[in-house]
Amino acid sequence: MKRSPFVRTLLATAALTAAVALAGCNTDGTSSSARSTKPLSAAMVAEIEQKNMSKESPILVRIFKQEAELEVWKEDRSGRYSLLKTYPICRWSGELGPKIKEGDRQAPEGFYTITPGQMNPNSSYYLAFNMGYPNAYDRAWGRTGAQLMVHGDCSSRGCYAMTDEQISEIYALGRESFFGGQRAFQVQAYPFHMTPTNMAKHRNNPHMAFWKMIKRGYDHFEVTHLEPKVDVCEKRYVFDAKAPANASPALSFSPAGKCPVFEVPADIAGAVEEKQRRDEIQTAELISRGTPASPIRMGVDGGMNPVFANALKNGNTIQDADGNIRAIAAVSATPGTIPAHVNPPREPTPETTVAAASTGAVAASRTTPAAPATARPGNFGLASAESKPAPAAAPSAKVASADRNGSLFGGMFSDDKKDAKKSDEPGVLGRMGRMIGLSDEPEKKTPAPLPPARPTSTASAAPGAIRPQAATKPAEIKTEAKPVQQAQPGSAQPASTAWPEQKPTASAFAAKPQPKPYPMDDAKAPPAKTADGNLNGAAAVVPAGSFTSRWGDIR
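Read left to right, the sequence shown gives residues 7 to 561 (the numbering used here).
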């Protein structure tokens, strides 16, 4: 409805009065008149007219963390919203995901309503508007925090920070919409553009259930270009709900209570369902083609649009009063002035990314790997509150494997070129086994062999892959076992156990229990035991010690 100039002036006066009352402890002592009443530039007014809009028409704001962008949409003369301008965000803090509690440095995600009373002309950060966190959804989940803003000064502690020049124009656009009679404008804050590609990349994130819920509101706006009506019930968002036909009582929503019976207009519901069906098919195809999953936490404390980050890299540095080195941006390359006190996000490194991905829910994937996703068009799960993230990447270090004959230790001390020749010779440990009664094979007269080389690695083999060794080729002992790299999650290979080095004692062989036999094929019966309880043909575990203790009896 069109308002007369006199009525618009009254509304604007009321809005500015309420904003001054809101400022409170956030005032900086500077008069608000020059900043908050600054008119839109001639270039912006011309752009508004070019896009078939009026200066006082309603606005809607969308924020995207990952891309570090703030979009201002404005209602055109057709009654639908069109994109007016995209502003690069100078700084936001935290990680992708909603704000949970006071002090977590997270910038909010969700749907927020901005009234004239939330506009702050006396902000310590040039100009600002309060996002209204926590909203009804946040309160239903017991989330805490306050005074989370979109403001200037390019510095964030849980807020979305713009340059002073940017927030001046955004503030003016909101002010003009209030002049035109808009009672409140909507802010939609998202982790990223809710595209199939981004949904596939972030499929393992524990916030995916929340993101899929707010994506529905994103889709409502995408298919209609109308501001979606937002309600909360059963601790979830619902969009464009209306009372069913012939229903007498008006809808009443309780954020934590049971949802009332409602319906969504058929044209909107149909368009949204079709869009979601297409998006799910594309997301499933991307996952099936091996789209890599993004790290759950980057460990970089927020983000900054590349236009600002590049300007800081290409600029100069200064040392402030506290001795900190700060970057001075190349002013000509940015849409506004970057203050000298700005701290850009840390560059992501493998150390910070992997360490962050090894905590919380991801740690469970090391012991319980998630089943591989199977894409099925129209009916697949990106993630849910109970879904498990993908297991961490396997270590890059190589682990020795069993030799081609299936022996666990066969390839540790042998030379491939001499295996065939040595297979019929008993070796040093075979003679030791005969000396202590572990073998009944008569000793062959062979020259005393040289001591074998000390082993340098161990191996892991799949269960059932080990074959029982013949008496003439007993398994080699471990002398200095080294830890073996953990097998990749989901692999059939169990991790090997490194035995500690022991000093020889008089009762070492008698007191120490013999190791369990390795798994064998069902077709082969276990070897018989000797009188002393040892397996016939098995090699005893010889304690590690000096050269004399190992080979003294043989010499």
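Mixed in with the good hints, there may be bad ones.
Said to hold, decoys possible - Below, computed lysine-lysine pairings styled on DSS-like, alpha-carbon distance capped at 25 angstroms:
#	residue 1	residue 2
1	61	91
2	61	235
3	235	218
4	218	207
5	235	281
6	241	107
7	241	218
8	264	248
9	44	91
10	207	235
11	107	218
12	61	44
13	57	91
14	218	281
15	248	235
16	218	248
17	207	281
18	248	281
19	235	91
20	264	218
21	91	107
22	264	235
These are calculated hints, taken from the structure and not from any lab test.
Keep in mind the model is a prediction, meaning the values are calculated, not measured.
A quick look at each hint next to the structure:
A hinted pair counts as satisfied when its Cα atoms are at most 25 angstroms apart, and residue 61 with residue 91 qualifies at roughly 14 angstroms. Between residue 61 and residue 235, the direct Cα distance comes to roughly 24 angstroms. Compliance with the 25 angstroms bound is thereby established for this hinted pair. With a C-alpha separation of about 18 angstroms, the suggested pair residue 235 and residue 218 falls inside the 25 angstroms cut-off, and the hint holds. A hinted pair counts as satisfied when its Cα atoms are at most 25 angstroms apart, and residue 218 with residue 207 qualifies at roughly 13 angstroms.
Pair hint residue 235 plus residue 281 holds up; C-alpha atoms about 19 angstroms apart against a cutoff of 25 angstroms. For the given pair, residue 241 sits about 17 angstroms from residue 107 by alpha-carbon distance, which is consistent with the 25 angstroms threshold. Between residue 241 and residue 218, the direct Cα distance comes to roughly 14 angstroms. Compliance with the 25 angstroms bound is thereby established for this hinted pair. A C-alpha spacing of about 16 angstroms is found between residue 264 and residue 248, which places the hinted pair at or below 25 angstroms, so the restraint holds.
Taking the CA atoms of residue 44 and residue 91, the gap is about 19 angstroms. The hint holds against a cut of 25 angstroms. Among the hinted pairs, residue 207 with residue 235 is inconsistent with the structure: their alpha-carbon atoms are about 29 angstroms apart, more than 25 angstroms. Distance restraint check for residue 107 and residue 218: the Cα-Cα separation of roughly 21 angstroms lies within the 25 angstroms cut-off, and the hinted pair is therefore satisfied. A hinted pair counts as satisfied when its Cα atoms are at most 25 angstroms apart, and residue 61 with residue 44 qualifies at roughly 14 angstroms.
Taken as a hint, the residue 57 and residue 91 pair is honoured in the structure, with Cα atoms around 11 angstroms apart against an allowance of 25 angstroms. For the given pair, residue 218 sits about 13 angstroms from residue 281 by alpha-carbon distance, which is consistent with the 25 angstroms threshold. About 9 angstroms separates the Cα atoms of residue 248 and residue 235, which keeps this hinted pair within 25 angstroms; it holds. Of the pairs offered as hints, the one joining residue 218 and residue 248 holds, with about 22 angstroms between alpha carbons and a cut-off of 25 angstroms not exceeded.
With a C-alpha separation of about 19 angstroms, the suggested pair residue 207 and residue 281 falls inside the 25 angstroms cut-off, and the hint holds. The suggested pairing of residue 248 with residue 281 holds, with an alpha-carbon distance near 21 angstroms, which does not exceed 25 angstroms. A C-alpha spacing of about 23 angstroms is found between residue 235 and residue 91, which places the hinted pair at or below 25 angstroms, so the restraint holds. A C-alpha spacing of about 20 angstroms is found between residue 264 and residue 218, which places the hinted pair at or below 25 angstroms, so the restraint holds.
Proximity of residue 91 to residue 107 is assessed by CA-CA distance (about 32 angstroms); at most 25 angstroms being required, the pair is judged violated. Under the criterion of a C-alpha separation no larger than 25 angstroms, the hint pairing residue 264 with residue 235 is consistent with the structure, at around 18 angstroms.
Of the numbered hints listed earlier, those contradicted by the structure are 10 and 21.
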